[in-house]
Structures are given as C-alpha cells and as structure tokens.
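Here are the chains, one letter per residue:
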Amino acid sequence: MAAPWRVYRSRSGAVSGFVRAVWTGRTGAAAEEGLYEAEVLVPVRPVRNAVRPNSFTRYRNRFLYPTPRICCCRIHSDTKLKDPFSLVQKDLQNLYEDIKKLLVSKAELKALCDYYFDGKGKAFRPMIVVLMARACNIHSNRQGDLLPAQRSIAMISEMIHTASLVHDDVIDGSDTRRGKTTINEVWGERKAILAGDFILSAASMALARIGNNAVVSVLSQVVEDLVRGEFMQLGSKENENERFKHYLEKTFKKTASLIANSCKAVSILVNSDPEVHEIAYQYGRNVGIAFQLVDDVLDFTSCANHLGKPSAADLKLGLATGPVLFACQQFPELHAMIMRRFGSDGDVDRAWRYVLQSDGVEQTNYLAQRYCQEAIRQISRLRPSTERDALIRLTELVLSRDK
Amino acid sequence: MAHLRTCITKMAVWSRLACLGSVSRGHRTLSIFSSSSPSNWTKVVSDAEKIVGYPTSFMSLRCLLSDELSNVAMHVRKLVGTKHPLLNTARGFVYDSKHNLQMRGLVVLLMSKAAGPSSTTPDALLPDMVSGIYPSQRNLAEITELIHTAFLVHRGIVNLKDWTFSDGPLKEMQFGNKMAILSGDFLLANACTGLAQLNNTKVVELISSAIGDLVQGVYHENSSSTEEGSLSLASWEDQTFLSHGALLAKSCQAAMELARHNTEAQMLAYQYGKHLALGHTLNLDLQPFLKSSSDPTVFSLESAPVVFHRLIVGPERWLHQLQQSQSTTKQTDYSKLQRLIKTEQGVSQAADLCSYHGNKALEAIRLFPPSEARSALENIASAVMKF
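Those protein sequence lines, which keep their order, are chains A and B. Residue 86 in the numbering used here sits at position 86 of the first sequence, with consecutive numbering throughout. Residue 337 in the numbering used here sits at position 337 of the second sequence, with consecutive numbering throughout.
Worth flagging that the hints you see were computed from the coordinates, not collected in a lab. Glycine is no exception: its CB is placed at the ideal position from the N, C-alpha and C atoms. Any given hint might turn out to be false.
Said to hold, decoys possible - Partner residues aside, some chain B positions facing chain A, computed with beta carbon under 10 angstroms:
| no. | residue |
| --- | --- |
| 1 | Lys50 |
| 2 | Asn199 |
| 3 | Val203 |
| 4 | Ser209 |
| 5 | Met267 |
| 6 | Val298 |
Excised from the complex, chain A in its bound form (with noise of 0.2 angstroms):
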C-alpha cells in the first residue's frame, strides 16, 4: 500500500520506509529570508528490511561518523567525547538564579514566576544554546568563552520555554508538571496566566538590552510561532496528508522553533555569515523536532510519573500524534477516533491499544533518528571543537531519553 503523498523516491537505498518531499510551507525566520526550501521527511510505510530498527532500542554509536562527503565531520580524534551536560555546567551554573533576579515583582506574583525556575529542570535548552555559541564563536575564529549576549539567550530561551508551559497548563487541565503541582492547580488559572505573562515580558526586557535589532526580530518570531502551534492543536485535518503535514509544522511551531531560533540568535551574536545562521537554525530545528517527537512515543511507551506526567495524556487531549498517524495507516479505524478528538467512551483506551500494535512507535523513532541524521550533517559544517561534538552527541541523547 503505498501513502498517497509519496512525492519522488529518496535516492539513498538505506533509506527505505522514507521518501523526502519537498514542503513548501513556510517555516519560521528562515523561509522568511527566503534561502531555503524546508524539506520534510516523509514517511511511507516500510519495507520490512534490515534497516528497520527491531526493537525500541537506539543505536549508540550510529550517528557519531556522519558520511565523508560532509567537510569537517571527523571528530576530534584527540579529545576524548565529552558529555555535554559536563561541557556547560559552567556555563549554567547560577542560570536560575540569574533568571530569577530578572522576574522582579511584589510578594506573591514573585513566587508563581519562580515557581518552575528551582534547578530541577532538564535545561535541556540552555545546554543547547551554550553549546551552540561556544561552537559558532570557535567556528568564528574566537576563544570558544561564551559572550554575556549568548548567555542571556540561552535564560531567555528557558523564560519563554517556561512561560509557555505555564499557559499550556491551563489550556490543557494539567495538575502536575515535573512532578510538582501545576500553578494553575495552586493558584488557579487567572494567575497562572498572568504569571506566564509576566514571564514573558521578561523575557523580552532582557532580549531588548542585548541591544541587538536582529536577535530581538529572531526571538520575537519564536513567541508567535508557539501561540500558532497552539493554535494549530484546536484543528484535525481530514486529509491524512495534510493530517502529518499539520503535525510536523506544528511540531517545528511549538517545539523546534524555540530552540532553532535561539540557535540562531547566539550565531548572530558572534558571526555576520547567514551561512552559519542558518546552520544554527537548522540544527536547532532538526533536533527541536526529533526531541518532540521522541516526546510524543515516550508519551505511549513511558510508564506514568516518569516523564512528569501520565502517560496518553495527548490521547486524553484529543491530540493525533506521530504515533496514531503511523498506526492510522496500519488501521485505518483510528481516522474516525482522530477525527473526533477521541471524544468518545473507550477511544482513548482503543486508539493507545492500536498504537501499540502497530509500529506506529518504532516508525516515530525511526523519523526522529532521520531528523538527527540531519541536525548531524547540518552542524557538521562548522569547524570542528569539542563543543560541535558534543552537539553531534547530543542528538544520540535525545533519542535515547526515557523520560
């Protein structure tokens, strides 16, 4: 059975199960420069074959010798690969605390703000931004020391992830979150809403005193991107092509845009070629999106509690993820269920069952790793550091997170 929205086989053999079409959507600050075309990877069903991976295990070691042809790819082979986390500890020492002092307010609207910002996040953004600068500033023929700018991006990166949250929290009921109670659920929703707002305007303050026109513009376009992924959950396309399409964009709005664009935004800061924007970008993007959707397989395959919330929770939102688009292909009795929003009894329960039959889970896992492979060769045209490496392990990292 071959998906309708096959465009032109990919080239490459290795690559079954995938065909690449060209989308010509527009996707954030860099369709807006018009340079390039987003290309989108596609899936079909597969081919049964040996590529496809058996089990949900991730490969260790698959992505650390991206192909030859790429210029710059060998890694370092005199340092020893560093862990990324280790890498930036420095860096993002005091970062909560730091975000913190710029939330500054009166009694008890200070606590709601800081109320995510206790040092028991991932940092999972900042890490990637510090990352991303040291490697454009040693790239750029600069020490790869970090510029106050770049720092600032990646706690501003962290305000409007956090900000976010807040909101979605509302939007979506939640009563827990990284395993504390929700604010909304505290405070209730008029001031959580008002806190996440608050977040954001401070946010942007500390943007505007980087005095930067460009970093302000490339940031500014993250904040719209995220309400209009939002936006995008409230609809289910009847068309299944459009259906992943709509998922995959929305994917880039509400997740990669952030970090593709503060990618960029610390590229801008030390380097004037939009070359090296735009590898920024594109590596922020490519990753963004693998991250969402390893976010949306371990929301099946991850066991309550562990990722900080229960599991199926989109499920329970109404919301199609890669997972049930995969499995709809397979059983084509999910398309009414996705199309209701899994609004009736025992859809939830019917839609998870079918996912898991399917391999809805291990096709997700599989576009995840493509979108890797991407970010790998697209941040293997900086020069080389340990910082470019860590990124490239990073990836690894990302597909093999449990929670």
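Position chain B against the provided structure of chain A, taking the given hints into account.
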C-alpha cells in the same frame, strides 16, 4: 477580490457575535470603560481622530481578521448563555470601538504629531511621515492597542475552582478560558513581533516593561479588599498606575524615542500619558456616584471613591456599612451603600484628585509647541476633568 470577500465574511462573524453577546446577560462584565462616558468625551475623541489622518483601529482589525481570531469568534458563540467574561470582551471589540477602546492609540498618535519630527531628523526621512506622524509611530499606536486588548482578554480568565452552577456548564467555562488564553496570547505575540519590527531596542525594552507593569497591576486588582492593612492613597495610586497608566505613559514616551526626541520631551510625554490615564480612571470611577440617585448602578468596591471613603471611615465602620447595605441574602444594595458613601468626602476627594491629574497632564502637554494636535490633547485632558 477573493481576499476582500473573506474579510467581509470574517467581519460578519464578528458583528454577529456582537449581537449574540448583547443577548446574553453576562454578569461579570469587564467594566474597564463604562459605556456612559459623557457625550463631550465622544466629541473630543472623534475630533481628535480627524487630526491624525485615519482611525487607529487598523492593527486590531488585522488581528481580528486573522484566521486565528476568526476561529475564536466562531467558537465564542458557544459561550452564549454562560457568564464567561470573554463574551462581553469580544462584544466590546466591535461595539465599544467608538468608546475609548482605541483611546490609547489615538493619544500616542496625537502625541507623535504634537512633537513633530526632531531637529536631528535628516530631511530625507520627512516624506515618510503621513499627517505628520512616522509609520513607526503608527505601528506603536497599534501595538499599544494590541497589548491593552490582550489584557482585557486575559483579565477575564475565570478560576474554575470558583465555578458555580449559575455561571453555565463547567465544560463551557473551561472552553471560554481556553479561547481567552489563546486569543490574548495571540494579541501579545503580534505585539511582540510588531515591536521587533520597530528596530529600536530601547522601545522594545520600554514597552516590554509596560507589559510587566500591566501584569502586576492586573494581578493585584481586586486584592486590596482582602489586605485592609496595605490600603492607602499612595498604594491606590501605585496600583492604578500599574494597571491603567503605565502602558499609556510608556507608549507616549516610546513615540518620542522613535522620532529621536530628547529625554526631556520623552519625560513630558510620559507625564502626560501617566496623568491622563490616572485622571481618566478617576473620571470613570466617579461616574456611578454622579448620576441621579434614582438610577441604581453597580460599582466596584475597588473604585476610587469607595477606596477613599474606606480610608476616611476606617476598617470597622466600613465593615459595618457594608453589613448595613447587605440584605439577608447577602446581596449588596448598591444604592444604599452609595448613599452612605456620599455622606462622606470620598467622592469629592476622588473628584479633586481627578482634577489634579488632569491639570498635571495639561501642564505637561503645554510645554510642547502649539499645534492642532496639542490642542486636541489639551481638550482630552480637559474632558477628563469634566463630569
């Protein structure tokens, strides 16, 4: 052509919505602006609008016509019959447009025009000006309106734990919240991108700080009744500045910055915006107390005359008066409470303070060179002092 047709369809959605809204008896009205402003005010505003070239509502219009908000408009119909505040706010987009909803944008435009181009402006830039206003200043005026509207919407988010059966079905209140959050966020996001396009990071910082002020002001609205200890004239003014003055003050200042006017001009513009907003708020707060007593009006216990009255009589007498005007069913008899308040000086104090701020605004604007725009701003400040 096709585009025009979609626009017209979308407009129709909004106006139908407005009609629906008026049918519902939504109780939790967002009475930021009473609809009973003096006709004098309306005239002052409509005269002033002619000076700035074209009305200020274009940015809001662009947002209203976006797919996102049209979608919200379709969905908001589901709220008819509930008491979700979004319904009335949405109605306000359409109906209140001639009542002050765009007042902030208008003041920013008049201020821009009154200040004119700065002496350091290269002549090459002058042709960009339309009716003596830079395009960036027009964008700023629209951004100011967007931010103001975003918070009208976010103010109306309901705490679901306080939900009672009379509000309407819980599910629909949840839905109303969702729509309110998304549309408020959408307006704010558009303000963010609009700000970025101004290409002036000082302005971005200034307006972002105004958003922060506004959040703090809105956050503490309706909280002074519980914290009797912190009640004072100064705290009322601080609080009112945050919730009603900061945005206008800082937008006026930013309009000067966009034309590269010096710090002094920026400070004057800020002062005008600040005092005008405070005077305007006091004027609106006073309205229920100035009408004939036969007409029972509900007023906020946070409004200036009530707060000043409470400061005069002290917490114990106030509590007593509140109990006096409550029937056995805990319903407040507002005309009775109003009579009690009118026996003291709270109302006249509020009126005095209103004149004080109106005059302060006049003082600031009169330091600008005389012009049609300046006169309009003077008229607005004077109108604020009339009851």
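Structure-based check of all given hints:
no. : hint   : verdict
1   : Lys50  : violated, 33 angstroms
2   : Asn199 : holds, 5 angstroms
3   : Val203 : holds, 8 angstroms
4   : Ser209 : holds, 6 angstroms
5   : Met267 : violated, 20 angstroms
6   : Val298 : violated, 21 angstroms
Checked against the numbered hints listed earlier, the structure breaks hints 1, 5, 6; every other hint is satisfied.
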